[in-house]
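Protein chains: 2
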Amino acid sequence: MKILIKDIMTILPDQREKFVVRECNVYVEDEIIKAVIECDKKKDTRAPFSDKTADYVISGKDRLLMPGIINSHTHIYMNFMRCCGDDLAFNDWLFNTIFPIEDKMTDEDAYWGTKLGLVEMIESGTTGFIDMNLNMNSCCEAISEAGLRGIVSRGLVGSGPDDEGAIKRIKETMEAREKYLDNDLIEICMGPHAPYTCEEACMRYIADLAMEYNMKVNIHLSESRDEIKNIKKKYGVSPIALAERAGLFKNRTIAAHCVHLTKEDLDILAENSVTVASNPVSNMKLGNGLAPVTEMLKKGVNVALGTDGAASNNTLNMFHELSVMTLIHKGATESAQCISAKEGLRMITMAGAKAMGKEYEIGSIEAGKKADLVIINTNTASFMPRNDYISALAYSCNGSEVETVIVNGKILMENRELKTLDKEKIFFENEKIMNRIVKK
Amino acid sequence: MKILIKDIMTILPDQREKFVVRECNVYVEDEIIKAVIECDKKKDTRAPFSDKTADYVISGKDRLLMPGIINSHTHIYMNFMRCCGDDLAFNDWLFNTIFPIEDKMTDEDAYWGTKLGLVEMIESGTTGFIDMNLNMNSCCEAISEAGLRGIVSRGLVGSGPDDEGAIKRIKETMEAREKYLDNDLIEICMGPHAPYTCEEACMRYIADLAMEYNMKVNIHLSESRDEIKNIKKKYGVSPIALAERAGLFKNRTIAAHCVHLTKEDLDILAENSVTVASNPVSNMKLGNGLAPVTEMLKKGVNVALGTDGAASNNTLNMFHELSVMTLIHKGATESAQCISAKEGLRMITMAGAKAMGKEYEIGSIEAGKKADLVIINTNTASFMPRNDYISALAYSCNGSEVETVIVNGKILMENRELKTLDKEKIFFENEKIMNRIVKK
Chain A
23 MKILIKDIMT ILPDQREKFV VRECNVYVED EIIKAVIECD KKKDTRAPFS
73 DKTADYVISG KDRLLMPGII NSHTHIYMNF MRCCGDDLAF NDWLFNTIFP
123 IEDKMTDEDA YWGTKLGLVE MIESGTTGFI DMNLNMNSCC EAISEAGLRG
173 IVSRGLVGSG PDDEGAIKRI KETMEAREKY LDNDLIEICM GPHAPYTCEE
223 ACMRYIADLA MEYNMKVNIH LSESRDEIKN IKKKYGVSPI ALAERAGLFK
273 NRTIAAHCVH LTKEDLDILA ENSVTVASNP VSNMKLGNGL APVTEMLKKG
323 VNVALGTDGA ASNNTLNMFH ELSVMTLIHK GATESAQCIS AKEGLRMITM
373 AGAKAMGKEY EIGSIEAGKK ADLVIINTNT ASFMPRNDYI SALAYSCNGS
423 EVETVIVNGK ILMENRELKT LDKEKIFFEN EKIMNRIVKK
Chain B
23 MKILIKDIMT ILPDQREKFV VRECNVYVED EIIKAVIECD KKKDTRAPFS
73 DKTADYVISG KDRLLMPGII NSHTHIYMNF MRCCGDDLAF NDWLFNTIFP
123 IEDKMTDEDA YWGTKLGLVE MIESGTTGFI DMNLNMNSCC EAISEAGLRG
173 IVSRGLVGSG PDDEGAIKRI KETMEAREKY LDNDLIEICM GPHAPYTCEE
223 ACMRYIADLA MEYNMKVNIH LSESRDEIKN IKKKYGVSPI ALAERAGLFK
273 NRTIAAHCVH LTKEDLDILA ENSVTVASNP VSNMKLGNGL APVTEMLKKG
323 VNVALGTDGA ASNNTLNMFH ELSVMTLIHK GATESAQCIS AKEGLRMITM
373 AGAKAMGKEY EIGSIEAGKK ADLVIINTNT ASFMPRNDYI SALAYSCNGS
423 EVETVIVNGK ILMENRELKT LDKEKIFFEN EKIMNRIVKK
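As given, the protein sequences belong to chains A and B, one line each in that order.
Per the working numbering, the very first residue in the first sequence carries number 23; after that it's consecutive.
Per the working numbering, the very first residue in the second sequence carries number 23; after that it's consecutive.
In case anyone wonders, no lab produced these hints; they're calculated from the structure.
Do not take every clue at face value.
No distinction is drawn between identical chains; accordingly, a pair holds when it is met within one copy or between any pair of copies.
[Stated by the list, open to error] No more than 27 Å apart at the CA atoms, straight line, and that leaves these computed lysine-lysine pairs for DSSO-like:
(1) 201 / 285
(2) 432 / 447
(3) 28 / 321
(4) 454 / 28
(5) 83 / 461
(6) 251 / 40
(7) 74 / 201
(8) 447 / 28
(9) 83 / 441
(10) 251 / 441
(11) 40 / 190
(12) 190 / 256
(13) 40 / 461
(14) 447 / 193
(15) 272 / 201
(16) 28 / 445
In this text, all values refer to a predicted model and were calculated from it rather than measured experimentally.
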């Protein structure tokens, strides 16, 4: 399909300023951005097609075009658990609330929970994500039906290659990998859950398999002080050092959380080009604290942003995450300059693309890249007056301004109408699940 | 007008749990909540009127009724400056960005900026606020046209009773007081700006006048470390101690910010029953830091919540403020329990009502109180599944779910359609102002 988005204020990458905003015509053909032509150079003959030959023309009046947002760490299926375990400390939350619910969860529950998360993501402009779940088939099926771009992992726990359960879960991963090998949108990666649930021998086994099959690794590291203390006691090193020792970082790795880090941890992350998916809302909500994002950025670590699951956030709205992230680091360091709106925008777009290993395919609006695009209504109180579009994205938007979402050249939402998901049915099924297994 | 809101999940005050949610019928007659009757007691003959005799019946299906939100500290006119001075340190922001813009601002600019802020407030469920501005007449006119409930102050700066400028500004205050003395919705209070702009002699003069005319006091205190250092150097005491020494606290006072406090400051605030209007987003965004909200609450200080102006927030959306406030204190104290969703909800309703000195009139849904009510659509991704309405308000809502807003028994927004404000005209005028005096 040929889509022409006309005369739209567009966020473009810029080497010096990170981003600039220019009025453009943007041409999409099939899954590719064919051309991005600034309006003051409109007579440019590079335009690959015209108003008349486009299948679909979208007016850019009072609209902003931004790259699709990437949520670098989430557990989408958890959406059916939204608001079921709030104001609880991490261990109480995880072991006494979430795990008992997950024990009762069926594949179908995970399917509907995932679909609810996908509704929330599309409605708030997220086009790509990195997920960890417990029910590969049903989660991947839901994602595939929705049409988002995802890197998906089965959470892997266990003691090692002699642990039948661990081997079963790894097998689920490898089967999904096989199934989605030629899929444009879904990529399967290894998901060793965390050092406190996946022992070193298990991590080592997973690391070797990931290397053999050229798979990325998605893991939780150094999320709570308890975890760090216990891992240090058990293995003599920090969770980060343990993951390195187990060989995980030989693969392209996304490490979620990384809240409490030593100087040595920072060096390990930087030297191994590990992407850190920071989850400020979840980390604060569970009382785990504040990650050293500015220090990581100074070290050159690729820091992306994630919401974590809806059971600990409680939303997958990345506008909320972006705003909270930029604010808390300014507050904690008492420096208004420490993370700018543009740096925040980079983290939810380009850094997210890099986390997905797709920095040459997505993350910015450039000819030749995949068409993962978000159109935002700026004729709204949150943007008015339009002094600075990027500041508004970080500090005054709430995500409800997102109007149209395109992934891989396909329109998933148009004027807030979802094209691939049946919202009412999804809401209905999620309330049913809640009544069955969550409701206290 | 008689309004019946039928079969609606309603947030009710509760002595033991702070709030409970029950399905109710809520009856509003003129400006008063006539009755709140739980649906399982529907046959209750206390119902003051029926479906048939109501002028207006609102269905509560898939809706939540909450008390109108109170924004305890803002500068509404600043909305035309949204996103014009971001990622700047406090002094650079205030003295080199905001003050030069204000120097060029006319009464009409303040009028339209205020109207934009009022749009944003109504659209995100705010029904009452405490404001400080520079253009009393035009701000009060805008507020009056919109129909919100406000305590309004003219920012007072100067050296003392011999300062002609100071006297002129105080005169503007007293004239507005006279004008709005019998107004149901607008109350004028004294607004000594801050110890670094309003000298001790001036504060003392204002304190005496406030006492004589039974006026509340609205002031910024201990916002930045620089302020505290400079005041200590000039006066030998902290800004809080100085305000007490000048006699301001003999009046009912709302002190905004209070970011950095000594133990003595905390005692002064508690002993004088000063309300603190905490502004977490603004304080973080300007790099001023994090207020000791949990310590203040422990001391019994009435802590309410405010957005500050849109030039430093950059939104007047109290759902954003609520979420950020609950999160950052959990994060900073590394305790998930430190401020609960219910405590947060109390701060934006009952504590706000107390800040306004109207705790017996507004702040909760109870028969006999004024009808300041917000109806929220819960058939939305952010609420689904509906495990816990109050958690959703604090952690997953973004304000766009607000659908209908009633102030003093009058519908100001119905199904997101504004009844008292012309949004397109307001947007147009604000962009004009921006182009004239803000745009760099």
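Going down the list of hints, with the structure as the test:
no.	hint	result
1	201 / 285	neither (41 Å within a copy, 63 Å between copies)
2	432 / 447	within (22 Å within a copy, 35 Å between copies)
3	28 / 321	neither (40 Å within a copy, 58 Å between copies)
4	454 / 28	between (43 Å within a copy, 24 Å between copies)
5	83 / 461	between (45 Å within a copy, 20 Å between copies)
6	251 / 40	neither (39 Å within a copy, 37 Å between copies)
7	74 / 201	neither (40 Å within a copy, 61 Å between copies)
8	447 / 28	between (34 Å within a copy, 25 Å between copies)
9	83 / 441	both (22 Å within a copy, 26 Å between copies)
10	251 / 441	neither (47 Å within a copy, 58 Å between copies)
11	40 / 190	neither (45 Å within a copy, 48 Å between copies)
12	190 / 256	within (25 Å within a copy, 72 Å between copies)
13	40 / 461	between (46 Å within a copy, 21 Å between copies)
14	447 / 193	neither (32 Å within a copy, 61 Å between copies)
15	272 / 201	within (25 Å within a copy, 74 Å between copies)
16	28 / 445	between (29 Å within a copy, 25 Å between copies)
Of the numbered hints listed earlier, those contradicted by the structure are 1, 3, 6, 7, 10, 11, 14.
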